Amino acid sequence: MKIRYMLLHAYGMGGTIRTVINQANAMAQVGHEVEIVSVVRRRTKPQFTIDPRVRLSALVDQRDGVTSDSMARKMWRRARGKIVPYGEFAAEYFTERVEAAAIDYVSSLRDGTLVTTRPALNLISARRAGKGVLRVAQEHMNLAAYHPAVREQIARHYGGFDAIAVLTETSRAEYRALLNRTPIVRIPNAVHVEHRTHSDQSHPIVIAVGRLVPQKGFDMLIDAFAATAAQFPQWRLRIFGTGPSKDRLQQRIDEHGSGDRMRLMGRSDRIDEELAQASIYALSSRIEGLPLAMIEAMGHALAIVAFDCPTGPADLLTPGKNGLPVPPRDVEALAEALARLMTDRELRRRLGAAAAESAGEYTPERVMPLWEDLFAALAGGEPIADDPWAAR
Numbered sequence: 001m002k003i004r005y006m007l008l009h010a011y012g013m014g015g016t017i018r019t020v021i022n023q024a025n026a027m028a029q030v031g032h033e034v035e036i037v038s039v040v041r042r043r044t045k046p047q048f049t050i051d052p053r054v055r056l057s058a059l060v061d062q063r064d065g066v067t068s069d070s071m072a073r074k075m076w077r078r079a080r081g082k083i084v085p086y087g088e089f090a091a092e093y094f095t096e097r098v099e100a101a102a103i104d105y106v107s108s109l110r111d112g113t114l115v116t117t118r119p120a121l122n123l124i125s126a127r128r129a130g131k132g133v134l135r136v137a138q139e140h141m142n143l144a145a146y147h148p149a150v151r152e153q154i155a156r157h158y159g160g161f162d163a164i165a166v167l168t169e170t171s172r173a174e175y176r177a178l179l180n181r182t183p184i185v186r187i188p189n190a191v192h193v194e195h196r197t198h199s200d201q202s203h204p205i206v207i208a209v210g211r212l213v214p215q216k217g218f219d220m221l222i223d224a225f226a227a228t229a230a231q232f233p234q235w236r237l238r239i240f241g242t243g244p245s246k247d248r249l250q251q252r253i254d255e256h257g258s259g260d261r262m263r264l265m266g267r268s269d270r271i272d273e274e275l276a277q278a279s280i281y282a283l284s285s286r287i288e289g290l291p292l293a294m295i296e297a298m299g300h301a302l303a304i305v306a307f308d309c310p311t312g313p314a315d316l317l318t319p320g321k322n323g324l325p326v327p328p329r330d331v332e333a334l335a336e337a338l339a340r341l342m343t344d345r346e347l348r349r350r351l352g353a354a355a356a357e358s359a360g361e362y363t364p365e366r367v368m369p370l371w372e373d374l375f376a377a378l379a380g381g382e383p384i385a386d387d388p389w390a391a392r
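Taking this note's numbering, the leading residue of the sequence shown gets 1, the next gets one more, and so forth.
Among the hints, erroneous ones may be present.
Straight-line Cα separation of at most 30 Å, DSSO-like style, residue types lysine-lysine; simulated pairs [claimed, not checked]: (1) Lys-246 / Lys-321; (2) Lys-2 / Lys-45; (3) Lys-2 / Lys-131; (4) Lys-45 / Lys-321; (5) Lys-2 / Lys-82.
Bear in mind the hints are in silico, worked out from the structure with no lab data behind them.
Nothing here was measured: the structure is a model prediction, and the numbers come from that model.
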């Protein structure tokens, strides 16, 4: 079977990139012909390991910078392409040149399965993919998180897909209400959690992992942790990741005057070790798809505190059993949940053990066969299972 995965920037960092590369690797390992197509290329080497059997290609090489597109980027509304709508999270990437390259590529295809991985690419596939191509759209965010202009285009064009894959039951319900004639399948992200060292809950460290962007809500986490500072002076907050919000977050930390107790740690190649040395994982996101980093933390038997944001946490956490979800953006409730866990090591141990058991549901061995079954059903013209994740 020939499977092509199309990413905006396969050479970058991020949960979607890692997830898609993992899928491509798994499909290659069971014998399929797999290619990853990166719309742009801004680094020499991929940041994640790609199986040598997976072909990697790029459409627009921007390793020398994007100066040739700089004027178009500054005047995006006039120089942008014709398909990617204003409001798509990565819209500024899609200058006329970049969008044209993506359109030319998908229009040239005549066979196989094309998997596109964000609204911009999904819309290009839905409107321009060649005849004979099986089209699968992956959605890594919930529908309500998108700009109204993006949702309008999704409603207009996603009905042309052979299948739309989402991460959570909430997202599946949203898309089914919008597109009742298109197969909507729920297949979550897969996470390697086997052989992970479990936290012994002895280190007074709260950890968070993610891009330093507003979506991740680290500003609220910093405020919540600061609210516990006087009561729990031995505890530390460590936030791992890079991104454009770094200076603003550091300023917020400095304003709280907590010294070294809260730190932005940057990127780490030893994040598994860092997770194992922590005791609490905090998810403070404003929105999510299915939080990959949180599932990895659960695999290390960390106690979880999370905003019950749309979507993801509710699919993973049962209150009081394997984590402590709190109302979205409620900083006071987040601080109270952190304090509850800081006080009670036995509670951390109990929640962490249950979290590790829950994370075991998301191993590649459980998830990847669902993708292979979907691709096989599409290729054979067979009915698509209504909810393969629930039926597994």
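Which numbered hints turn out to be false for this structure? 1, 4
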